[in-house]
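Chemist: So you can see what is in the structure, the chains are spelled out below.
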Amino acid sequence: MCANKIVFMTRKNAAMAVVLASAVLLAGCSEAPVVPIQPTNRRVFAELIGETG
Amino acid sequence: MLAARALDSLIKVRYGDSLTVVEWHPYSFDNLNINPDDSLRVARYQHNPGQPSLALDGYLEVVMPSDPALYISAFDDAIRNVKSDASYFMLEARGEADSATGRVVITLAADSIASGTAPTLYCVVTEDSLTDALGAAYFRVPTQLVPNRNGQPVSLARGDTLVDTFEFSTAGRRLDMLGAAVFVEDASGTAEHRVLQSATIKRFTMTEEK
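Residue numbers (our numbering), protein chains in the order written: chain A, 754 to 806; chain B, 1304 to 1513.
Calculated directly from the structure, the hints in this document are not laboratory data. From the three backbone atoms N, C-alpha and C, an ideal C-beta is built for every residue, glycine too. Possibly wrong hints are sitting among the right ones.
What the hints assert, rightly or not - Computed spacing ranges between beta-carbons, pair by pair: (1) A:Asn794 - B:His1496: 14 to 24 Å; (2) A:Asn794 - B:Pro1339: 28 to 38 Å; (3) A:Asn794 - B:Ala1460: 28 to 38 Å; (4) A:Asn794 - B:Gly1475: 36 to 46 Å.
Using the sequences and the accompanying hints, generate a full structural model.
Modeler: Now the structure itself:
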């Protein structure tokens, strides 16, 4: 009886740990990541045409 | 003017040398006209005279927002999108000039060249602080294509490094306002004139006349 209770508590703790880890993960992702300039060596050639005044 | 200022801002705060900019002014009411040198490039893009149009890497025309306040964000999104494609070309350029001759020294190399690619080098000599009939100042205005408006086809195998020098006359030019944009374009039929890599010369180094 007692041994069964210990097994039951271990599974419960494991489930709680999973929930806790998920919450921590979600909290860490709540802010949108900053999108950096793509780290390629391409320089972009921009041609502006015909703007006057 | 507002579109030009939006590009100025993006160069300053975000892209620096990784954005090469020229501003074509091809129309008859605009005294910065350099026809016919600009005709081959300008004719490739859809635009209405007097309205700004922005083309990136020779093939992507940015949809211009109706509200100029949105130019910066629209340009930024489009530039970032184009920039996300890697380039296999390395291109560096430097310029020197005296009162008779300007020289653009170009170094071009490629890690990889797709079959059928026809690399063609272009150099656009630009001038800053040119004013139009209304007194507005413009920067990075193309005033000459060297060696010519058709560009120069280059034969380049993987791993090759090409060093070439383009010369042009500087007689009557404001040497302290000269710059240049150099770019290599794929001139093959299916490439839509895509620009593969580009570089900016902000100012020419002054040299003694030889």
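Chemist: Hint by hint, note whether the structure agrees.
Modeler: Hints versus structure:
no., hint, result
1, A:Asn794 - B:His1496: 14 to 24 Å, "21 Å, holds"
2, A:Asn794 - B:Pro1339: 28 to 38 Å, "34 Å, holds"
3, A:Asn794 - B:Ala1460: 28 to 38 Å, "20 Å, violated"
4, A:Asn794 - B:Gly1475: 36 to 46 Å, "37 Å, holds"
Taken one by one, the earlier hints fail for this structure only at number 3.
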